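*Asks:* Listed here are the chains, written in short residue letters.
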Amino acid sequence: MSWKELNQAAVVKGGTSVEYTTQGWRVLRPIIDESKCTNCLLCWIYCPEPAIVRHEGAKVTIDYDHCKGCGICEAECPTKAITMVREP
Amino acid sequence: MTEARLARAVAWVGDEAVAEAVMQCDVDVVAAYPITPQTIIVEKLAEYVANGEFKGEFVAVESEHSALSACLGAAATGARVFTATSSQGLALMHEIMYNASGMRLPIVMAVANRALSAPLVLNADHGDMMGSRDSGWIQVYAEDVEEIYDRTIQLFKLSEDPGVLLPSAINFEGFILSHDLENVRPLPTDAVHRFLGRPNAKYRLDPSDPTTFGAIATHDSYYEFRMQQVEAMERALDAFRRMEDEYEAISGRRYGAVDAYNTQGADCVAVVNGCTAGTMRAAAKEINRAGGNVGVLAVKLYRPFPSEDILKHLEGAKVAIVMDRSLSLGAPSAPLAEDVGAALRAGGRNLRLLSVIYGIGGRDFSVTDGRRVFDLAKGGFELSRKPVMYGVKE
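Quick mapping for you: the protein sequence lines, in order, are chains A and B.
Everything in the first sequence is counted per this note's numbering, starting at 1 for the first residue and increasing by one.
Everything in the second sequence is counted per this note's numbering, starting at 89 for the first residue and increasing by one.
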């Protein structure tokens, strides 16, 4: 976009990170073994992005559009239910 | 400070003139950390906070990095914001200076110029501001206390101009000006208020309409955001002239982007910024009284650089001596000399330039020194492969 059309000083409305996906940043992908997961939500607390999604009456899942593959969830999971595997 | 007192001249030191100007500018937030030789500004403002005269927020911070960070946050809400620093403090602000200009926040800062460590020194040179020269701040250099007062008020107007929206710094040499007692004719506060109006930011942090300032741009648009700043700097040149017109109308005072003394047709013109402009003018007048023909071009507005004015005033000169009170170690010359040289070359002029370094770390520079600097241009000189290190002990 031309500099003449860009909004001044990169001021943007809040919440635009929802539209901006970061899955391309990822080298390793977290996979949850649902049989080991106790839904303790430690991964949800520690995830630096809102990439762990809670569900009413079901265990957590991962928002792969916004997960950057940092692996903090794997390191923090007390039941070793999360494994980082190389992206294909 | 009563309006009655304002009707006549008062005696203020440079730092005090800044604080008194800030008191008249309806400033919302001051966040600053004291550092020699800027200390009196913060002390004076703290007095006004203590006695209830300062109506805004004074944020006592633990460092200059925090001071400018607090200013940045406050300015993003659309507030009028001021800070002040010197030397190491300015260096500590360096990171945030780029954020302030990149977010287009019209913060005004006073810099009582002081040389950088090591070795530790408290006295003046321009090395501190030159270190942040490219940070996207408007930069002016004053040469007397009344000019410091006027510029402090003026910079709010210039920075807040909707076509500009850039932070700005008023520079004046530490101790030489910051602690120098001079006559100042302050303006009535209501005249200052009418001149400035209130800041009217197009974008501001507002909980009811959330925005992100300084969001990630990536390689895809960073260049374009910087281009907007390039344009804003360009517009600041015109805005500066308009602002000076308006200020002249209420005060009768105008300094210009440059100040020229006997530059037309002079054999030699000294180009200089800061308080030494006055010293050089005194030296030039002595030389001219004795039959010489030399001039002085004081560069008041340093960023944006007034290239057209420089070209115009050096039109007929045979030699220009460009005087820098700062070092660019390892560089072929010094900041002001390089800028003047670039402006002349871009304008198709091939004037003989002599780069002279002086006054480093507060080394005294007298009218006699000024005459000696003009003498350097007499009888020719090796075209300045290297700057002349004037006044260094051999």
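Source of the hints: derived by calculation from the structure; they are not laboratory data.
None of these values were measured; they are calculated from a predicted model.
In this text, a Cβ means the ideal position worked out from N, Cα and C, and glycines have one as well.
Among the clues, some could well be false.
[Stated by the list, open to error] Calculated cross-link-like contacts (lysine-lysine; reagent style BS3-like; alpha-carbon spacing at most 27 Å):
# : chain 1 : residue 1 : chain 2 : residue 2
1 : B       : 373       : B       : 406
2 : A       : 80        : A       : 13
3 : A       : 4         : A       : 36
4 : A       : 13        : B       : 290
5 : B       : 373       : B       : 400
6 : A       : 4         : B       : 373
[Stated by the list, open to error] Quick list of simulated restraints, FRET-style, between CB atoms:
#  : chain 1 : residue 1 : chain 2 : residue 2 : range
7  : A       : 71        : B       : 131       : 18 to 26 Å
8  : B       : 309       : A       : 38        : 27 to 35 Å
9  : A       : 19        : B       : 151       : 45 to 53 Å
10 : B       : 396       : A       : 64        : 51 to 59 Å
11 : A       : 49        : B       : 186       : 22 to 30 Å
12 : B       : 165       : A       : 27        : 19 to 27 Å
13 : B       : 306       : A       : 4         : 15 to 23 Å
14 : A       : 49        : B       : 330       : 44 to 52 Å
15 : B       : 277       : A       : 23        : 56 to 64 Å
16 : A       : 49        : B       : 298       : 12 to 20 Å
17 : B       : 165       : A       : 65        : 52 to 60 Å
18 : A       : 72        : B       : 430       : 44 to 52 Å
*Asks:* Hint by hint, which ones does this structure get wrong, listed from lowest number up?
*Replies:* 2, 3, 6, 7, 8, 9, 12 and 17
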